[in-house]
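**Q** The task is simple: from the sequences and hints, build the whole structure.
There are 2 protein chains.
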Amino acid sequence: MDINIKTRLKDNPMNFEELVFKTRTYRRFDESFSVPQKTLRELVNLTRFSASGANRQPLKYLLYGNPSDCSRIFPSLAWAGYLKEWEGPEPGERPSAYIVILGDKSITDSFGVDHGIAAQTIMLGASTLGMGGCMIASIRKEELRTELNIPGQYEILLVLALGKPVEKVVIDDIKDGDVKYWRDDSQVHHVPKRSLDELILKL
Amino acid sequence: MDINIKTRLKDNPMNFEELVFKTRTYRRFDESFSVPQKTLRELVNLTRFSASGANRQPLKYLLYGNPSDCSRIFPSLAWAGYLKEWEGPEPGERPSAYIVILGDKSITDSFGVDHGIAAQTIMLGASTLGMGGCMIASIRKEELRTELNIPGQYEILLVLALGKPVEKVVIDDIKDGDVKYWRDDSQVHHVPKRSLDELILKL
Numbered sequence: 022m023d024i025n026i027k028t029r030l031k032d033n034p035m036n037f038e039e040l041v042f043k044t045r046t047y048r049r050f051d052e053s054f055s056v057p058q059k060t061l062r063e064l065v066n067l068t069r070f071s072a073s074g075a076n077r078q079p080l081k082y083l084l085y086g087n088p089s090d091c092s093r094i095f096p097s098l099a100w101a102g103y104l105k106e107w108e109g110p111e112p113g114e115r116p117s118a119y120i121v122i123l124g125d126k127s128i129t130d131s132f133g134v135d136h137g138i139a140a141q142t143i144m145l146g147a148s149t150l151g152m153g154g155c156m157i158a159s160i161r162k163e164e165l166r167t168e169l170n171i172p173g174q175y176e177i178l179l180v181l182a183l184g185k186p187v188e189k190v191v192i193d194d195i196k197d198g199d200v201k202y203w204r205d206d207s208q209v210h211h212v213p214k215r216s217l218d219e220l221i222l223k224l
Numbered sequence: 022m023d024i025n026i027k028t029r030l031k032d033n034p035m036n037f038e039e040l041v042f043k044t045r046t047y048r049r050f051d052e053s054f055s056v057p058q059k060t061l062r063e064l065v066n067l068t069r070f071s072a073s074g075a076n077r078q079p080l081k082y083l084l085y086g087n088p089s090d091c092s093r094i095f096p097s098l099a100w101a102g103y104l105k106e107w108e109g110p111e112p113g114e115r116p117s118a119y120i121v122i123l124g125d126k127s128i129t130d131s132f133g134v135d136h137g138i139a140a141q142t143i144m145l146g147a148s149t150l151g152m153g154g155c156m157i158a159s160i161r162k163e164e165l166r167t168e169l170n171i172p173g174q175y176e177i178l179l180v181l182a183l184g185k186p187v188e189k190v191v192i193d194d195i196k197d198g199d200v201k202y203w204r205d206d207s208q209v210h211h212v213p214k215r216s217l218d219e220l221i222l223k224l
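Protein chains in written order, with our numbering: chain A, 22 to 224; chain B, 22 to 224.
For the record, the hints were derived by calculation from the structure and aren't laboratory data. Treat each hint with caution, since some may be false.
It does not matter which identical chain is used: a pair holds within one copy or between any two.
[Stated by the list, open to error] List time: in silico DSSO-like cross-link candidates among lysine-lysine, alpha-carbon distance up to 30 Å:
no., residue 1, residue 2
1, Lys162, Lys126
2, Lys43, Lys105
3, Lys43, Lys59
4, Lys59, Lys105
5, Lys126, Lys105
6, Lys105, Lys223
7, Lys162, Lys196
8, Lys223, Lys189
9, Lys59, Lys196
**A** Structure follows, in structure tokens:
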């Protein structure tokens, strides 16, 4: 195997750094946009080639891309905990599709971080297509289970909301350790991020 | 925001699908290759722009790229559980660098899947550089904590082993539900993966 190694991300024409930077969490969408089922399947297909603890591959997926299904899922989700005045996206700005990530307990009871790996892979993939979305862990799970008739064999792990973003999201340097995102008067969504030096420990 | 939406991954010049496919789990490396500290920092920097539950950003990182540090970490790691006859890579084929992912309990006790998101982001980034590696959760944590003097404030979550891969890894269709990876007589590493139709539930 002859591999041409590069040491700086910017040296790579793929510019993965730009893709990661572009993959913001979005919560407001152009709801008139629709995500084809084939696209949702392609996004899930990416997860087949992503790491899985002990290669068990215990995750299962439910795909929803039509408006009537989406309206069944929306009420079970909690949106943007730090925006106390905001109950989530208005009609017209709601997600166009959802991917529900389940853990199949007939395979294992321990899903490790498989769903984090899968969710990030899907979100980066969606971003290459110009889409965006939100990983939602704050779910009224029993309500969603009933609404979607999800058998007890499956644990509800995450819901990925997807669509065509219509909000501007910017990253700010963190101030005084305050991690709360906020919206300014122009409805720009600000997300404070810790510095690299704060993340890398020197022991 | 005027976004040109694509619906098929293959329509994107970045070819993210190819990147994901190329990002295999590797366990044998050219140990003479060295990973600059700057590269490790760039990889961790990607995680600053990845999703974090409630934007808490509780992960911290330890970076090790020199041979003497690597030899301190290697003994605490368990390799390839399904390869019973193999105790891990021989000297000369061991990783050239490690990123230890910690959860800072002074920020939160619940790290959700932040470390899965971060690990996949780092591994995809490493892959764009021609590197490869392995996410390791099977760690003798107290041994590693002592060796690296990791304070009790930090939970050891994952170790990412990185280097220049020297093994061939292929993906096979799964047979009879057997997820165990294996090595053939030519030392090619085979990884059985479930089909897309098995992953997508229809309720």
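**Q** If a hint holds in the structure, say so; if it doesn't, say that too.
**A** These are the hints, each one checked on the structure:
In this assembly of identical chains, Lys162 and Lys126 lie within 30 Å of each other by CA distance both inside one copy and across copies; the values are 16 Å within and 27 Å between. With identical chains, the CA atoms of Lys43 and Lys105 are at most 30 Å apart within one copy only, with a shortest distance of 26 Å there and 42 Å across copies. For the identical chains of this complex, Lys43 and Lys59 are neighbours both inside a copy (23 Å) and across copies (22 Å), given an alpha-carbon limit of 30 Å. Taking the shortest Cα distances, Lys59 and Lys105 never come within 30 Å of each other, neither inside one copy (36 Å) nor across copies (40 Å).
In this assembly of identical chains, the alpha carbons of Lys126 and Lys105 lie at most 30 Å apart only when taken from different copies (26 Å versus 35 Å within one copy). With identical chains, the CA atoms of Lys105 and Lys223 are never at most 30 Å apart, being 37 Å at best within one copy and 36 Å at best between copies. Taking CA atoms no more than 30 Å apart as the test, Lys162 paired with Lys196 passes in neither setting, with 34 Å inside one copy and 33 Å between copies. For the homomeric pair Lys223 and Lys189, neither the shortest alpha-carbon distance inside one copy (35 Å) nor that between copies (35 Å) is at most 30 Å.
With identical chains, the CA atoms of Lys59 and Lys196 are at most 30 Å apart between copies only, with a shortest distance of 26 Å across copies and 43 Å within one.
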